[in-house]
Amino acid sequence: MSEITRMVLVLSVIAGVCSAALTSANYLLAPYIDQQTDFYVRGPALARLFDTPAEEVLGNKVVIAHGTGEVPVFFIMEDDQVSRLAVEAVGTGGYGGDLLLMIGIDLINNRLTGMETVSHSETPGLGGRIEEEGFRRQWRGLSLDQPVATTTEGGTIDGISGASVTSQAATRGTNAALDFVRGNRELILAEIAGL
Amino acid sequence: MAQLYLDTLTGGLWKRIPPFRLVLGLCPALAVTMSAENGLGMGVATACVIILSNGVISALRNLIPHKVRIASYIAIIATLVSIVEIVMKAFFFPLSQQLGIYIPLIVVNCIVLGRAEGFAAKNPPLLAMVDGLSIGIGYGLSLTLIGSIREILGAGTWFGLPLFGESFEPMSFFVSAPGAFVTIGILLAVQNLYSRRRGEKFIQG
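As they're listed, the protein sequences go chains Z and B.
Those letters in the first sequence? Residues 161 to 355, per the numbering used here, in order.
Those letters in the second sequence? Residues 1484 to 1688, per the numbering used here, in order.
Since the hints were derived computationally from the structure, they do not count as laboratory data.
Be aware that one or more of the hints could be misleading.
If you want the footprint, here are the derived chain B segments under chain Z, 3+ residues with CB under 8 Å [unchecked claim]:
| no. | segment |
| --- | --- |
| 1 | 1496 to 1503 |
| 2 | 1538 to 1551 |
| 3 | 1574 to 1580 |
| 4 | 1603 to 1616 |
If the Cβ cut is set under 10 Å, some of the chain Z residues that face chain B in the computed set are [what the hints assert, rightly or not]:
| no. | residue |
| --- | --- |
| 5 | 186 |
| 6 | 191 |
| 7 | 195 |
| 8 | 255 |
| 9 | 311 |
| 10 | 340 |
| 11 | 341 |
| 12 | 344 |
| 13 | 352 |
Cβ atoms here follow ideal geometry from the backbone N, Cα and C, with glycine treated the same way.
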């Protein structure tokens, strides 16, 4: 065998074995990574939305295929009935990229229970104030049937001063989540019942 | 034979201790040692990569053609680093968030490639893994030491535990970037001074 063939062959074999090893590591450990991401990234938002320790709600999770992606939906049961949902939503067009939000939905009273940020890269002190309780509190108790909007757009949400882009990204994300729940309510409940 | 293994095992702890004696792998030593915990985490991650890469490369040393050896080593090392990164994300998520980009950057850590080229390529797999273990422990100890000094002086804590009372005003200089250079510089100087007193031959340039 000529030297050049040998080099090509050995390198190809090494590259092949390496990619196989990586693929299997990725595949085998993916559930653990999901678990850890849920606990450390989504956990705090969920704990605040549901008012229970994150460990108790992290298991109550269904993933619904929507468009090209997947939407994780967390739920809580009361008297054998799904009472509240937390739907992950993407607030597109934030100042520092998309916002990852968690929208709380009360299915019994048909109200929003809140809006939490999972992760964002908004400017600290401006858009970063989306994390503040005072801003997010405005979501509590809003009706599910009407789209959420800032006051400048004719809605009820007082935007964060100096960060209307962030505020509008948050309402946009909320509306996307509301549309998603409205269109997939039966599917979500069926998925939960099937667990 | 046993003497050879023992020499290899202890070599990384003083005679070849990175980054002080080898003066390789300084980038993570400067960048991630803000706290003792980060230093230890980085040290353990690097140690795993060195042990495994030394083992694999040494096992393949007669198979890999000389001309493409560096490419092959990098492919193997990159795979191992990615696996370590995935494992860290799956089981030590907060630490992996803390260390961030420096975990994938172990690929270009000169210690790993240096040991592959300088030791694993010439020695049998078991011995190469012992060398990796020794260098890895040495590196982990050094990073923990640097991290401890910077954390104690710069934040008044050690592994997150407060050491001094409320009245202690930490020198936050030590947890910022210049503090890393000063700390490592002083440690290198102390180490050189000690070695000169003992009349040891210097390895570093």
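Comparing the hints with the structure gives:
no.: 1; hint: 1496 to 1503; verdict: violated (count 0)
no.: 2; hint: 1538 to 1551; verdict: holds (count 6)
no.: 3; hint: 1574 to 1580; verdict: holds (count 4)
no.: 4; hint: 1603 to 1616; verdict: violated (count 0)
no.: 5; hint: 186; verdict: holds (6 Å)
no.: 6; hint: 191; verdict: holds (8 Å)
no.: 7; hint: 195; verdict: holds (8 Å)
no.: 8; hint: 255; verdict: violated (22 Å)
no.: 9; hint: 311; verdict: violated (37 Å)
no.: 10; hint: 340; verdict: violated (28 Å)
no.: 11; hint: 341; verdict: violated (29 Å)
no.: 12; hint: 344; verdict: violated (30 Å)
no.: 13; hint: 352; verdict: violated (27 Å)
In terms of the numbered hints stated before, the structure departs from hints 1, 4, 8, 9, 10, 11, 12, 13, listed from lowest to highest.
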